[in-house]
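Colleague: Chain by chain, the residues:
2 protein chains.
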Amino acid sequence: MSAYRELAAAGLISGHVGRGTVVVDPAQHRESRAPAGGVPWPQLFAPLATALYDPALEDAMIAAARPDVISFATGQPAPECYPIATVRQLLDEALHREGARLLQYCPSEGYPPLREAIASWSQQAGIRCTAENVLVVSGSQQGLYLVARALVEPGDLVAVESPTYAGALQIFRAVGARLLPIPVDEFGMRVSLLERALEHRRPKLIYTLPTFQNPSGATLALDRRLHLLDLAARAGIPVVEDDPYRELWYDAPPPPPLAALDQAGTVISLTTVSKILFPGFRIGWIIAPWPVIRQLALVKQLVDLDTNPLMQWAIWAFLERRLLPPHLEELRRVHRDRRDLLLASLAAEANGALHCRVPAGGLYLWCELADGIRARDLVPEAARQGVAIVPGESFFVDPAQGRSFVRLNFTYPAPAALVEGAKRLGRALSALREARALLAQASSPIV
Amino acid sequence: MSAYRELAAAGLISGHVGRGTVVVDPAQHRESRAPAGGVPWPQLFAPLATALYDPALEDAMIAAARPDVISFATGQPAPECYPIATVRQLLDEALHREGARLLQYCPSEGYPPLREAIASWSQQAGIRCTAENVLVVSGSQQGLYLVARALVEPGDLVAVESPTYAGALQIFRAVGARLLPIPVDEFGMRVSLLERALEHRRPKLIYTLPTFQNPSGATLALDRRLHLLDLAARAGIPVVEDDPYRELWYDAPPPPPLAALDQAGTVISLTTVSKILFPGFRIGWIIAPWPVIRQLALVKQLVDLDTNPLMQWAIWAFLERRLLPPHLEELRRVHRDRRDLLLASLAAEANGALHCRVPAGGLYLWCELADGIRARDLVPEAARQGVAIVPGESFFVDPAQGRSFVRLNFTYPAPAALVEGAKRLGRALSALREARALLAQASSPIV
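Residue numbers (the working numbering), protein chains in the order written: chain A, 1433 to 1879; chain B, 1433 to 1879.
By construction, these hints were calculated from the structure, which means they are not laboratory data.
Note that CB positions come from ideal geometry on N, CA and C, so glycine has one too.
Do not take every clue at face value.
Derived list of chain B stretches under chain A, where covered just means 3 residues or more per stretch with a C-beta under 8 Å from a C-beta of chain A [as the list claims (entries may be wrong)]: (1) 1529-1537; (2) 1578-1591; (3) 1610-1622; (4) 1668-1678; (5) 1714-1724.
Covered by chain B, per the in silico footprint, the following chain A stretches (three or more residues, Cβ under 8 Å) [what the hints assert, rightly or not]: (6) 1515-1525; (7) 1532-1541; (8) 1571-1577; (9) 1580-1590; (10) 1601-1611; (11) 1725-1739; (12) 1792-1805.
Please construct the entire structure, taking both the sequences and the accompanying hints into account.
Modeller: Structure below.
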């Protein structure tokens, strides 16, 4: 990964990155990095805080931030679809109509009309809930953090999918959880393996992305959903359903969310507008039984008091005025085209070195590398060619399991960039193959 | 406090409260509060999460949310001064100029131009820093939470002022700190007592609100500032300077912030726009040595990825275009008048039952109750009379030390409400005095 470090040191880092990732420009402020006087800072940091650093992920993000790089490393919907004109009009209307009220503090649970609107929206997906089952949060990363803080104590076991969202692994590790990975296949989490694990072990919660999973794109089949809920209800174990991609289906609508199928009140459901509108508003929500919402609101109050009420008003208007359904239809159409374009381009450019599942929704291609190529070699080579990708290692409890996988986002780059990015990735794969061939030649016996 | 519970049960709760506080309307959604199936939720919550509940504070906030109540319980600047027209224009300009870029993810450390502008703004206060010493956060409550998470481990000792910000006590308790209270007098923290404590004990950090302290209004004198910094540098202990009120001086500018006096890089400084503009944008910042910013950014990324870039752009424009200085002048004038009006009204209405310090800045009067009246009796009686106040207990490590104190905000209510609120508080005090007199009569020997 030293190529990345060199890029960083060479100042090739623009400030704008794809995913709220730490970007540092070492060239700029040497003076302020001088040893900090009397306080031995590194010795003072709590161990959990120092365990957060994922160099592989950071390297990918640093590459993605270079202006000359095409980024397949982000997790954002097509920016060309952002309803900017509507947002301008809504924010202006909000301040005109509500004035100072939307610039004050807000209840920790959320702006009451938004909680009502979220409950109605969720009821349409079959989830039985009222406004009191809704907690508005500053994005679903915060939602998951609050859930982990409220429920997980150091040493607790947490069942996660393998692979799963890298940010979730960081959160659970930061609260001191031990992780129980359950493999995912094309029908989602292998619930029968979870069932077997539950015979001997008792996780504090089960974390799942059942629909268009990040990173694998897999969707949990209906029978497995029912099986999972049955297991959880019988064992009294909460299921945390992380569900940001549900509306982003490109072939057929997915099965109902776990929260809609749940009969026993075991599901805590997380949603965000980051993937269906845009990430900048930092608005997500949790739907859960009332005692959970109550508890999470206390933790929310502790960590940042409340969520921006002006942003909440705007999302309320999107829901209340039915602005979201037509926007989702446009997103599905645009994303479907981009998915198909990237798949076709990779088929043409990768020479069989990349095997990608066709995801039925979501934002990502999950690709297996052929010919023994490793993600940790491909990521820096791809960066040299001018394309950023995320290595598979970050998505596994045991990183070694991800070494022959990479994740490619197909929604953020414009069509021309998808085609060009696939070419660059093809060149990177060829370069690695040639290097391997040379290496094989060099190590073959001299005749 | 049962009067408050009754008000709550009677549905007298409006959704809009003064300080991001949990507000619940038990009457509304009985069904969703029914036992939640198979999961024994209360047994699952982590103990730290269950320790967060402060009934006294919540009762005050519930009262403050009633529409008929005048609230002295909040912590917001005069809403009549909110620059709403400017905000409308800036947000529209931001989306017009920057478009999708401000609706995407943002570096965890903050929007780079805002970090630059904050560094310049802070340099004007004498703080030596560059953009790399700045972390933008979602309000200074989040800032303090990140600091506590990064630096404090369970069992660590944290030195705090006595009294101090109630939310800080909650945060430090939630991360498992033991608390070392250092008394405050009219010149701020009694640093000589801290020095004595440091002979035998070694806190992980020292938390102080040196300027127009919440709740006492006291400002740490310059010689004590230097003494504190000297102690901290010699012992290698970080000083966390929580400094939201510095610009809100009403008589003369306060001494320089600790961050400006610091020679050894021991100070972590927290600031927010919540008290000098409005709280709704959820924007604050931390200034600290670079290794600390680096570490806090990792924790920030864990807890909510990043801070809303559109809001950051607007605050950047406030700083860059010099919109803040004239706004601060207006706030100082309006707040000074309100402080003097409430002091005069209380002098006329309280019949000597309330002794209030005259604060030289900030948002609060800190008042001692005379005649043995207790805050826990006054708070519900005041609510009955239609005025919300905060009991002193919430601001002390040992709540008993606060039982004869209350905190009154003088900036949020309009002038007429300040006068009427003082009358209601006067009636509440009279009622308690009469009750005490009757009690004394009843318990005197029958002749």
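Colleague: Now tell me if each hint is right for this structure.
Modeller: Going through the hints against the structure:
1. 1529-1537: With 7 residues in contact (Cβ-Cβ under 8 Å with chain A), the coverage given for the stretch 1529-1537 of chain B holds.
2. 1578-1591: Holds: 5 residues of the stretch 1578-1591 of chain B have a Cβ under 8 Å from chain A.
3. 1610-1622: Per the Cβ count (0), the hint is violated.
4. 1668-1678: Check passed, 3 qualifying residues.
5. 1714-1724: Answer holds; 5 residues pass the 8 Å Cβ test.
6. 1515-1525: With 5 residues close enough to chain B, the hint holds.
7. 1532-1541: holds (count 10)
8. 1571-1577: holds (count 4)
9. 1580-1590: Answer holds; 5 residues pass the 8 Å Cβ test.
10. 1601-1611: holds (count 3)
11. 1725-1739: This one holds; 12 residues, not fewer than the three required, reach chain B with a Cβ under 8 Å.
12. 1792-1805: violated (count 0)
This entry does not satisfy hints 3 and 12, going by the numbered hints stated previously.
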